[in-house]
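> Residue-level listing of the chains:
2 protein chains.
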Amino acid sequence: MGNLVTELPPERLAALREKLEAEYADFRGRKLALNMARGKPSGTLLDHNMPVLETLDRPFAADGTDARNYGVLEGLPEMRRFFGEILDLDPERVIVGGNSSLNLMYDSFVRLMLFGTGGQPAWGTLPVRRFLCPSPGYDRHFAITQEFGFEMISVPMTSTGPDMDMVESLVAADAAIKGIWCVPLYSNPQGICYSDETVARLGGMRTAAPDFRIFWDNAYGVHHLYGETKLADIFAACEAGGHPDRPYYFFSTSKITFPGAGVAMMAASVSERGEILKRMSVQTIGSDKLNQLRTLRTLKDAPTLKKHMAELAEILRPKFEIVLNTLERELGGTGLAGWNAPRGGYFVALDTLDGCAKATLELAKNAGVTMTGAGATFPYRRDPRDRNIRIAPTYPGNDELRTAMELFCVCVKLAAVRKLCGA
Amino acid sequence: MGNLVTELPPERLAALREKLEAEYADFRGRKLALNMARGKPSGTLLDHNMPVLETLDRPFAADGTDARNYGVLEGLPEMRRFFGEILDLDPERVIVGGNSSLNLMYDSFVRLMLFGTGGQPAWGTLPVRRFLCPSPGYDRHFAITQEFGFEMISVPMTSTGPDMDMVESLVAADAAIKGIWCVPLYSNPQGICYSDETVARLGGMRTAAPDFRIFWDNAYGVHHLYGETKLADIFAACEAGGHPDRPYYFFSTSKITFPGAGVAMMAASVSERGEILKRMSVQTIGSDKLNQLRTLRTLKDAPTLKKHMAELAEILRPKFEIVLNTLERELGGTGLAGWNAPRGGYFVALDTLDGCAKATLELAKNAGVTMTGAGATFPYRRDPRDRNIRIAPTYPGNDELRTAMELFCVCVKLAAVRKLCGA
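From first to last, the protein sequence lines are chains A and B. The working numbering numbers the first residue of the first sequence as 1 and each following residue consecutively. The working numbering numbers the first residue of the second sequence as 1 and each following residue consecutively.
Next comes chain A alone, as it looks inside the complex:
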């Protein structure tokens, strides 16, 4: 369009509105039924990973351990080595979990709530507990902190990570602030990568709470779409800052192999890991080692994984390009929306005019396209400016996605123009 819609004179705005209402009515007539609500991989992506399901005829680990039987709480040595290799982590920090890194995060909160850490009181016994929630962020993170009764403090995201001036001043002043949620690479939903400076400041900052924890959910740590983006080492940063126990690092193969049947892990300082394993030994005898072997037979090592992720990127990149090209073509220069162009991860985030996100998604839904709910990217599901929308392009087929994005852009414009018309 090229012209700032926000500055159109009333009569041209009215004409535009009429045109958009007609376009929207046309889409409604098509009776679409598309769901883009969650960051799920498409069937094509999953089909690419089918070798993982081939017969596991040698169910033994390299050291001879029978992976069918009980035991090996911390995960098979080769699985820990693999995670160490691909994430540049000491395998001695790694604990292999089940199929869900979210579950490992939740369980980490449970331990902190019931038992505490580092000789500090259990978090559950505190009259007030607070948590920093860089926003927009991941709704399932915020659901955990809400479930455990944390007051969630929203911290704005910048192009290099959370607003670190704000983070530093908050954590220095308030001992009730017990931690921060971070998706440091290709953040959900904006695709922002934490800069080296951000990582260094997170590791070095003084916190009033001695048991402050960084929940470092590196969910998209190897999910590059356009070549590798490097992420600084959070353990090194925290050690340099004199806070070696501060980070809890999470990762999984959910979006490398299968979301429902991947292998999750967490990493922590060696001393913290020892405490965690001691607690875990009461909870379970061990995770599914056969699935560890099955996953390893396909992913093997860092070079094989890199190739595998490049193949997945071939399938994912066109989806992101459909989203970004459609946004640029339909909304570029209109002043009605801003968005990011991520270089990896699973999402694109878009900001509408203030007060238009809910209306936009309502329009889309009524025309048959369900997207992540408005507000979901903020604590308590409340977007203070009602403008942020998470676009999840990974699940639909490319043709469906193209249609959905065209409709979506009509909805963004229509909601905005209705608002500008004062309707």
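Do not rely on the hints blindly, as some may be mistaken.
Remember, identical chains collapse to one label, so a pair may be satisfied in a single copy or spanning two.
Computed cross-link-like contacts, DSS-like style, restricted to lysine-lysine with a CA-CA straight-line distance of at most 30 Å [unchecked claim]:
| # | residue 1 | residue 2 |
| --- | --- | --- |
| 1 | 278 | 358 |
| 2 | 365 | 278 |
| 3 | 230 | 306 |
| 4 | 19 | 307 |
| 5 | 278 | 306 |
| 6 | 358 | 306 |
| 7 | 19 | 419 |
| 8 | 365 | 19 |
| 9 | 419 | 300 |
| 10 | 230 | 419 |
| 11 | 419 | 307 |
| 12 | 31 | 230 |
| 13 | 365 | 419 |
| 14 | 278 | 230 |
| 15 | 31 | 419 |
| 16 | 358 | 31 |
No lab work stands behind these hints, which were simulated from the structure alone.
Got chain A sorted already, so can you dock chain B onto it with the hints?
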């Protein structure tokens, strides 16, 4: 032997001791290295289950759900139906978990500790909390209640289940008693099956705590060695007693397919299950549905499972018979030990003379046979009479097991005779 060793005159006792010391020395000279500490299935048993690991080329549930992707928190419908069919449970009560029923028990305690149930205060906020622990019992159960700060009350086992007179009078009088551990069929370690009357009384008893819960770990629910033993329906019993929310039912395929990679489940009243699923939705997006399909492709339905368990029983029965025949031959009529002859499950429990369990196991260990530690079958790992020993015959090969049992019987006798000699 035929004569009560406990009644031998001193000179014959001394002679017997000399003979046993020599036999024991002979075993030590053989430098055995056998581990019978845990209830792990043998490699032969696991080999029998290898079809579970065949290629899963159709990763879709009956309703078309892509089992590779996210979702279906409560488990695939066919998996819930399968558990319902084999355990005579309404599938609407069932939640499918990951690979560990222990983990489901632990997580149930976590929810009760942090959130409570039925509008009652969270258990973690109570100044005192107590739990009934029928003993001898399962060490991992007791580890959970210990971890969460419960005062554990040991309740003696009878041949029909826990001493119900004692259970009823305790729970009626003390609102701090929040629940009871039960392994109702082929109990760990004694192989006792709860009678219909025991089940009815558990369901009907009045408890001072309105949120009293029965942790019904039916781990050996289909593990019959000599034909089926029926177990009364705990849900029906609790409903009849007016306490429909009382039971939490646990089960898994760990000892049906693979201990490390089975499928676990829990069942509860429909209303309780709804509460649990709501909490679980914050914890995880769902368990491994591919493993549910994989497991179902082999176990299929109740008749197929029955045949499968009969085949496993063919492998297990000789092991139990080695144990029982050796005990009878070496210890029968001596007055030095009592034991049970289970008709299913995974264990045999033996009682030595009072004060001889630790010494017996120490002797066995020093001769190269590691068994479950003394006291492990009691809360706090303290056996008040130091006499109960759990024998786990499922892991060793039959020849190894024969040797281990011969040594073990020498150790039982030697420890007893040393004690009788006042040494």
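> Run every hint past the structure and note whether it holds.
A quick look at each hint next to the structure:
no.: 1; hint: 278 with 358; result: between (46 Å within a copy, 25 Å between copies)
no.: 2; hint: 365 with 278; result: between (48 Å within a copy, 25 Å between copies)
no.: 3; hint: 230 with 306; result: within (14 Å within a copy, 55 Å between copies)
no.: 4; hint: 19 with 307; result: neither (47 Å within a copy, 69 Å between copies)
no.: 5; hint: 278 with 306; result: neither (34 Å within a copy, 38 Å between copies)
no.: 6; hint: 358 with 306; result: neither (39 Å within a copy, 55 Å between copies)
no.: 7; hint: 19 with 419; result: within (15 Å within a copy, 99 Å between copies)
no.: 8; hint: 365 with 19; result: within (20 Å within a copy, 86 Å between copies)
no.: 9; hint: 419 with 300; result: neither (54 Å within a copy, 58 Å between copies)
no.: 10; hint: 230 with 419; result: neither (42 Å within a copy, 69 Å between copies)
no.: 11; hint: 419 with 307; result: neither (48 Å within a copy, 68 Å between copies)
no.: 12; hint: 31 with 230; result: neither (44 Å within a copy, 55 Å between copies)
no.: 13; hint: 365 with 419; result: within (18 Å within a copy, 80 Å between copies)
no.: 14; hint: 278 with 230; result: neither (33 Å within a copy, 38 Å between copies)
no.: 15; hint: 31 with 419; result: within (25 Å within a copy, 86 Å between copies)
no.: 16; hint: 358 with 31; result: within (21 Å within a copy, 75 Å between copies)
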